[in-house]
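Knowing the structure of chain A, use the given hints to seat chain B on it.
Number of protein chains: 2
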Amino acid sequence: MSSSSVISNGRSTAGKSSAATPGRLASVYSEVQTSRLNHPLPLPSVLTKPFKIVDGPRSSAAGNPGFSVNVDEIAKLFPGVFGQPSAMLVPTDSAVSDQKLKIGVVLSGGQAPGGHNVISGIFDYLQDRSKGSILYGFKGGPAGVMKCKYVELTSDFIYPYRNQGGFDMICSGRDKIETPEQFKQAEETALKLDLDGLVVIGGDDSNTNACLLAENFRSKNMKTRVIGCPKTIDGDLKCKEVPTSFGFDTACKIYAEMIGNVMTDARSTGKYYHFVRLMGRAASHITLECALQTHPNITIIGEEVAAKKQTLKNVTDYITDVICKRAELGYNYGVILIPEGLIDFIPEVQQLIAELNEILAHDVVDEGGLWKNKLRNQSQQLFDFLPQAIQEQLMLERDPHGNVQVAKIETEKMLIQMVETELEKRKQEGTYKFQFKGQSHFFGYEGRCGLPTNFDATYCYALGYAAGALLHFGKTGLAVGNLGAPVEEWTVGGTALTALMDVERRHGKFKPVIKKAMVELEVCMNLNPSLLSKSLSHDEILGAPFRKFASMRDEWALKNGYISPGPIQFIGAASNDINHTLLLELGAQA
Amino acid sequence: MSSSSVISNGRSTAGKSSAATPGRLASVYSEVQTSRLNHPLPLPSVLTKPFKIVDGPRSSAAGNPGFSVNVDEIAKLFPGVFGQPSAMLVPTDSAVSDQKLKIGVVLSGGQAPGGHNVISGIFDYLQDRSKGSILYGFKGGPAGVMKCKYVELTSDFIYPYRNQGGFDMICSGRDKIETPEQFKQAEETALKLDLDGLVVIGGDDSNTNACLLAENFRSKNMKTRVIGCPKTIDGDLKCKEVPTSFGFDTACKIYAEMIGNVMTDARSTGKYYHFVRLMGRAASHITLECALQTHPNITIIGEEVAAKKQTLKNVTDYITDVICKRAELGYNYGVILIPEGLIDFIPEVQQLIAELNEILAHDVVDEGGLWKNKLRNQSQQLFDFLPQAIQEQLMLERDPHGNVQVAKIETEKMLIQMVETELEKRKQEGTYKFQFKGQSHFFGYEGRCGLPTNFDATYCYALGYAAGALLHFGKTGLAVGNLGAPVEEWTVGGTALTALMDVERRHGKFKPVIKKAMVELEVCMNLNPSLLSKSLSHDEILGAPFRKFASMRDEWALKNGYISPGPIQFIGAASNDINHTLLLELGAQA
Numbered sequence: 001m002s003s004s005s006v007i008s009n010g011r012s013t014a015g016k017s018s019a020a021t022p023g024r025l026a027s028v029y030s031e032v033q034t035s036r037l038n039h040p041l042p043l044p045s046v047l048t049k050p051f052k053i054v055d056g057p058r059s060s061a062a063g064n065p066g067f068s069v070n071v072d073e074i075a076k077l078f079p080g081v082f083g084q085p086s087a088m089l090v091p092t093d094s095a096v097s098d099q100k101l102k103i104g105v106v107l108s109g110g111q112a113p114g115g116h117n118v119i120s121g122i123f124d125y126l127q128d129r130s131k132g133s134i135l136y137g138f139k140g141g142p143a144g145v146m147k148c149k150y151v152e153l154t155s156d157f158i159y160p161y162r163n164q165g166g167f168d169m170i171c172s173g174r175d176k177i178e179t180p181e182q183f184k185q186a187e188e189t190a191l192k193l194d195l196d197g198l199v200v201i202g203g204d205d206s207n208t209n210a211c212l213l214a215e216n217f218r219s220k221n222m223k224t225r226v227i228g229c230p231k232t233i234d235g236d237l238k239c240k241e242v243p244t245s246f247g248f249d250t251a252c253k254i255y256a257e258m259i260g261n262v263m264t265d266a267r268s269t270g271k272y273y274h275f276v277r278l279m280g281r282a283a284s285h286i287t288l289e290c291a292l293q294t295h296p297n298i299t300i301i302g303e304e305v306a307a308k309k310q311t312l313k314n315v316t317d318y319i320t321d322v323i324c325k326r327a328e329l330g331y332n333y334g335v336i337l338i339p340e341g342l343i344d345f346i347p348e349v350q351q352l353i354a355e356l357n358e359i360l361a362h363d364v365v366d367e368g369g370l371w372k373n374k375l376r377n378q379s380q381q382l383f384d385f386l387p388q389a390i391q392e393q394l395m396l397e398r399d400p401h402g403n404v405q406v407a408k409i410e411t412e413k414m415l416i417q418m419v420e421t422e423l424e425k426r427k428q429e430g431t432y433k434f435q436f437k438g439q440s441h442f443f444g445y446e447g448r449c450g451l452p453t454n455f456d457a458t459y460c461y462a463l464g465y466a467a468g469a470l471l472h473f474g475k476t477g478l479a480v481g482n483l484g485a486p487v488e489e490w491t492v493g494g495t496a497l498t499a500l501m502d503v504e505r506r507h508g509k510f511k512p513v514i515k516k517a518m519v520e521l522e523v524c525m526n527l528n529p530s531l532l533s534k535s536l537s538h539d540e541i542l543g544a545p546f547r548k549f550a551s552m553r554d555e556w557a558l559k560n561g562y563i564s565p566g567p568i569q570f571i572g573a574a575s576n577d578i579n580h581t582l583l584l585e586l587g588a589q590a
Numbered sequence: 001m002s003s004s005s006v007i008s009n010g011r012s013t014a015g016k017s018s019a020a021t022p023g024r025l026a027s028v029y030s031e032v033q034t035s036r037l038n039h040p041l042p043l044p045s046v047l048t049k050p051f052k053i054v055d056g057p058r059s060s061a062a063g064n065p066g067f068s069v070n071v072d073e074i075a076k077l078f079p080g081v082f083g084q085p086s087a088m089l090v091p092t093d094s095a096v097s098d099q100k101l102k103i104g105v106v107l108s109g110g111q112a113p114g115g116h117n118v119i120s121g122i123f124d125y126l127q128d129r130s131k132g133s134i135l136y137g138f139k140g141g142p143a144g145v146m147k148c149k150y151v152e153l154t155s156d157f158i159y160p161y162r163n164q165g166g167f168d169m170i171c172s173g174r175d176k177i178e179t180p181e182q183f184k185q186a187e188e189t190a191l192k193l194d195l196d197g198l199v200v201i202g203g204d205d206s207n208t209n210a211c212l213l214a215e216n217f218r219s220k221n222m223k224t225r226v227i228g229c230p231k232t233i234d235g236d237l238k239c240k241e242v243p244t245s246f247g248f249d250t251a252c253k254i255y256a257e258m259i260g261n262v263m264t265d266a267r268s269t270g271k272y273y274h275f276v277r278l279m280g281r282a283a284s285h286i287t288l289e290c291a292l293q294t295h296p297n298i299t300i301i302g303e304e305v306a307a308k309k310q311t312l313k314n315v316t317d318y319i320t321d322v323i324c325k326r327a328e329l330g331y332n333y334g335v336i337l338i339p340e341g342l343i344d345f346i347p348e349v350q351q352l353i354a355e356l357n358e359i360l361a362h363d364v365v366d367e368g369g370l371w372k373n374k375l376r377n378q379s380q381q382l383f384d385f386l387p388q389a390i391q392e393q394l395m396l397e398r399d400p401h402g403n404v405q406v407a408k409i410e411t412e413k414m415l416i417q418m419v420e421t422e423l424e425k426r427k428q429e430g431t432y433k434f435q436f437k438g439q440s441h442f443f444g445y446e447g448r449c450g451l452p453t454n455f456d457a458t459y460c461y462a463l464g465y466a467a468g469a470l471l472h473f474g475k476t477g478l479a480v481g482n483l484g485a486p487v488e489e490w491t492v493g494g495t496a497l498t499a500l501m502d503v504e505r506r507h508g509k510f511k512p513v514i515k516k517a518m519v520e521l522e523v524c525m526n527l528n529p530s531l532l533s534k535s536l537s538h539d540e541i542l543g544a545p546f547r548k549f550a551s552m553r554d555e556w557a558l559k560n561g562y563i564s565p566g567p568i569q570f571i572g573a574a575s576n577d578i579n580h581t582l583l584l585e586l587g588a589q590a
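Which chain is which? The protein sequence lines are A and B, in order. Position 577, counted from 1, in the first sequence is what full-length UniProt numbering calls 577; the numbers after and before it change by one each time, with no gaps. Position 255, counted from 1, in the second sequence is what full-length UniProt numbering calls 255; the numbers after and before it change by one each time, with no gaps.
Rather than coming from a laboratory, the hints here were simulated on the basis of the structure. Just so you know, not all the hints are guaranteed correct.
No distinction is drawn between identical chains; accordingly, a pair holds when it is met within one copy or between any pair of copies.
Claimed, not checked - In silico lysine to any residue, SDA-like type, Cα no more than 25 Å apart, as pairs:
1) K437 with Q393
2) K309 with Q435
3) K413 with Q393
4) K408 with E397
5) K413 with G402
So here's chain A without its partners, still in its complex pose (with noise of 0.2 Å):
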């Protein structure tokens, strides 16, 4: 086992500026691409010396707060795994036996800023402390894993894609293990490969596969072991022990260096709305850390617009509101933001997408219009109160299974539009006399796949640090976790992925889910603001950066607080700081 102090320094990279046979040349990397190579990644303390497993309390469901989970089916479909108790690393004096592992990797899902550094993490485990060990990156996904597809990964391998973006390395799929056969398959793989234990990359859903993995090798007596990693641009996956999944903070810089652009290019120019829409379907956590990085004018999140209940009318209505005002104190511009997810979020839309896909399939639409009376009233009054571009769009495309396709829905643009009859409206009521332009933008793969921060970059190769201690102390069914700031401070250790489960109803049978970590409103909306003094639960903590924003949006509405992040840097300034979400979340005063 070497030491500590040389991990630290970046061992693993240095000296090894050409590389034998990777996927990537380092002769066609960008300056900055190379000189990320030999950026030097820290580890947690705990993780530079010697140390052993704590075991706390056996475990029960649901991480989350706010869900009420029938933990007694999350026992009955995880017999092997349920239960566990969490898992801590802590300092000893005796290193841990220098035993020989074969451990597989495997990517899932879109991409995520970091990837390639877990497995960085992962490998440098294996060699520093279980000298000998073999790692298998298998390609392209879960299918990977199924058809036992795979390379072996060498320190030349990987160390071209140190600290780089993407997911090249091995790739990534959408596949999933989850039917009788394909467990079969992975078992095949498991067995072939002689496999100590696979570490899941991915959000979730794969690393709700990862523990009916875990589970299933269990029960077969196999010594596979399954660790989860949580990996997910949208923020999405994350409870106490998990703060955040990798990813988010790179996205959101660079997402918050474009609306950071966008804005000055609003005030110097004076006279256009920018629509901004951003990605993260589920959760709008990438819409309220860029507006707390940038302090745009308007920001709508998913989960508020859901909780209040809102209409597309209300939405519309908010947005125009903000626009009077600000043109009234000679603003004719301003930068709104918009969670990709959005319409998912208000009630009535679904309720019309699903009266239009039972009428599109069993009725003839005729051009007259009379197909409408189908639609229940309030439908009807939504469907009239759209665009006739997104009535149209509604009508027209259908996914393979004949449903309606709200993911093509340009969402800003379709505010947009609304926004232009309602203020054409008060201009006829004379309330409103200026001029407004929209120009609507989409930030969504440009941050999927950028150069990791130098949070993102740390971050993950501790987590693939601390995956493969897990599996070297013959953990399973966990999802791996760290805890504070900064580095050198980290906690290390793993949650049972069963803790962070529910179980839906499908098909009359029970199907466990890890539930999305949303946006917390509710403990936020229902604080008393005395409160805010106090010290806080950890359930009140998370509300931390909603309650922020909500407490500068109507300030940032009508005044121009506009921030420019700027391009993220390596070096200097700004190049080690975390995003304002997970700050305020580790408790962080607002």
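Chain B in isolation, oriented as in the chain A frame:
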């Protein structure tokens, strides 16, 4: 006059962390924005010591190669300023008289990163070399000159904008000073403020107007001189003496960061073709530069499409051919760059739109489509070739003059649809059997207002400082320019604006225009390869960026040599890199 070393240490910024009454408050700055405030701005060495101006030979017209110019008409339009020699700053022993000046500055047209530094440069020149001078910032563009809306710029006012993006210090506008009444208004402002000079920061149109203004002031025997400063992210305002317009460097690097991220995403996901439309309506410099920075699989250069008289079908076929070849190699993904102005470069599209404008203005458009018979044969074919959504867009969206709005066509989406159709056809024919999924992107506004790169920050500061010097020496009707790198060795001077001009015949009159500098292909296309080893003329060197691209594109098409430039860095790796276009045009070996 302060000593040079003090200036190049960023004298004007040091120790002023609290600005007095600025439009921006440093308190709402991000850490990166704040860190840029005191970024030192070195000056070309000739500007750090006493200098004098040496005149070159009498100038003619059209600094750009390949144009046949109506020199006589330009001479007639500018009797006062035509033929002025270029001006070069050279070291001398004695300082220029410490005359107090009253100078105005105005921003004209779209934003480009670095505008604030031009103003800072003018201000610092006056502080250093002409103590007691006054600098007026005209607000909201040329309208501010005409309406005499201005702010007196002070050190405290300017400080928060140093090295910051945007034009919001005094804002910009798109008005023009061109009618006799408008000239009269400008004269009144010049007289009222007792202006010795005016710096017009703008693109080709604005510099043309700057020259008209210079001519007008001179014809009235007014003392007010006018200097133009080349600004446009499009990079199409340049000549031998003005090697680049400011903002191009930053904008391209911002776009290249995004493109690089999308490339990593494409390679990781393995199933999307990303069609990226980039700003640049008239010329394709941005697209070409981004291609040189990132190595996409396909890049369409508008100037080449025009030169080869390609049709939309030619472009579609080229893209489709590459997609098919890549599919055979196992790559069902890729990245494609398209200049915003592509459609304007395709002659048949221009023809179709002209015919549509006629028909829509004078004829009935029947549902049955009989109206289409009024189109010429080729136009009818093209119309039928277009995707339905584009057909509808062409028929429906008209500007206030009743013309089809070409600018509203989302070229990247149109190409995706046309490629889909063509691939479907090939599938039917059995020559293609893979999956194609297109993703569209438009990178535009987010590039115009970023924090300027070190290059743009330094370049702009030098441009402003030199503009101050040219006015101090009584020059008028010149464009300020710098040459060469590194910055200390830059030569500094001015070029007669009339030397960049040609005339166009409009409404029976000759109208002066500064010719846009397009991507140079001709010289390169006609160039004997054996010449490449010899030393090239300036015209030949202008072809270097396209030549470099053309020599690589077949390799980039089939191999994946993607480069991810990463976010712009202000310290460390690549922070002082200059864009490929400028480097190659300055004669660097490819």
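Verification of the hints:
no.: 1; hint: K437 with Q393; verdict: both (23 Å within a copy, 19 Å between copies)
no.: 2; hint: K309 with Q435; verdict: neither (31 Å within a copy, 41 Å between copies)
no.: 3; hint: K413 with Q393; verdict: both (12 Å within a copy, 15 Å between copies)
no.: 4; hint: K408 with E397; verdict: both (8 Å within a copy, 22 Å between copies)
no.: 5; hint: K413 with G402; verdict: both (24 Å within a copy, 23 Å between copies)
Taken one by one, the earlier hints fail for this structure only at number 2.
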